[in-house]
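A.B. asks: With the hints as your guide, set chain B onto chain A.
For reference, the chains in residue letters:
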Amino acid sequence: DSGVTQTPKHLITATGQRVTLRCSPRSGDLSVYWYQQSLDQGLQFLIQYYNGEERAKGNILERFSAQQFPDLHSELNLSSLELGDSALYFCASSVRGLSYNEQFFGPGTRLTVL
Amino acid sequence: GESVGLHLPTLSVQEGDNSIINCAYSNSASDYFIWYKQESGKGPQFIIDIRSNMDKRQGQRVTVLLNKTVKHLSLQIAATQPGDSAVYFCAENMEDSSYKLIFGSGTRLLVRP
Numbered sequence: 118d119s120g121v122t123q124t125p126k127h128l129i130t131a132t133g134q135r136v137t138l139r140c141s142p143r144s145g146d147l148s149v150y151w152y153q154q155s156l157d158q159g160l161q162f163l164i165q166y167y168n169g170e171e172r173a174k175g176n177i178l179e180r181f182s183a184q185q186f187p188d189l190h191s192e193l194n195l196s197s198l199e200l201g202d203s204a205l206y207f208c209a210s211s212v213r214g215l216s217y218n219e220q221f222f223g224p225g226t227r228l229t230v231l
Numbered sequence: 078g079e080s081v082g083l084h085l086p087t088l089s090v091q092e093g094d095n096s097i098i099n100c101a102y103s104n105s106a107s108d109y110f111i112w113y114k115q116e117s118g119k120g121p122q123f124i125i126d127i128r129s130n131m132d133k134r135q136g137q138r139v140t141v142l143l144n145k146t147v148k149h150l151s152l153q154i155a156a157t158q159p160g161d162s163a164v165y166f167c168a169e170n171m172e173d174s175s176y177k178l179i180f181g182s183g184t185r186l187l188v189r190p
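Protein sequence lines correspond, in order, to chains A and B.
Add 117 to a position in the first sequence, counting from 1, and you land on the number used in the working numbering.
Add 77 to a position in the second sequence, counting from 1, and you land on the number used in the working numbering.
Source of the hints: derived by calculation from the structure; they are not laboratory data.
What you are looking at is a predicted structure, and each value in this text was computed from that prediction instead of being measured.
Built from N, CA and C at the ideal position, the CB exists for glycine as well.
Heads up, a few of these hints could be off.
[Said to hold, decoys possible] With beta-carbon atoms standing in for the labels, derived distance ranges:
hint : chain 1 : residue 1 : chain 2 : residue 2 : range
1    : A       : ASN168    : B       : ASN95     : 41 to 51 Å
2    : B       : SER151    : A       : GLY201    : 25 to 35 Å
3    : A       : VAL212    : B       : SER117    : 21 to 31 Å
4    : A       : HIS190    : B       : GLN122    : 14 to 24 Å
5    : B       : GLN122    : A       : GLU192    : 21 to 31 Å
6    : A       : GLY133    : B       : SER151    : 41 to 51 Å
For reference, chain A alone in the conformation it holds in the complex (with noise of 0.2 Å):
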């Protein structure tokens, strides 16, 4: 066990439609990055936020957006769901994310969208 916690495990939508994913960090950790892992592209950079400040984007689509609350924990939000966005989703949280440190993921979200 990671410390890293997610949920919900598994989500089942419509395309059109808007979800949001949890995830709480490790105790102490200021840094959350958020990854996806679909079937073709395997694990991808999404976001990253450090004590509650957006730091870094990668390949995140428009229509997902993120937010680190004060409590740590983080919320991605997918919205105007398509077929392609089905994957699993992966929070990872690390002590800073200033430097070189271990990022513990979680279990993942697995979206589907019909």
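C.D. replies: Positioned in the frame of chain A, the structure of chain B alone reads:
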């Protein structure tokens, strides 16, 4: 958390043999490299890391080798066990503002009993 459906290269080894998993990374500016193991239904799990100022690092039953000249990374697993069956990813990390990980495409390791 499995990468099923991805056309992953597969390495099949006999239990007790040594395994070598290779990875070519993309960016010569990368400073830090990590190997992750992903078992079915789980998120990636850290195995071992290495910084760019090293060419070899050993852990428990695992060794990572880094060849910066050809941008190649390998993971050696000694005395491979059934519990080692998983998908293995290399990841590179650049000293930019985020320290995000850039993952390779992965290799599936199957251990035959």
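A.B. asks: The structure should be examined with respect to each hint, and the outcome stated for every one.
C.D. replies: Quick rundown of the hints versus the structure:
{"no.": "1", "hint": "ASN168(A) with ASN95(B): 41 to 51 Å", "in the structure": "holds, 43 Å"}
{"no.": "2", "hint": "SER151(B) with GLY201(A): 25 to 35 Å", "in the structure": "holds, 33 Å"}
{"no.": "3", "hint": "VAL212(A) with SER117(B): 21 to 31 Å", "in the structure": "holds, 28 Å"}
{"no.": "4", "hint": "HIS190(A) with GLN122(B): 14 to 24 Å", "in the structure": "holds, 22 Å"}
{"no.": "5", "hint": "GLN122(B) with GLU192(A): 21 to 31 Å", "in the structure": "holds, 24 Å"}
{"no.": "6", "hint": "GLY133(A) with SER151(B): 41 to 51 Å", "in the structure": "holds, 45 Å"}
When each numbered hint is compared with the structure, no violation occurs for any of them.
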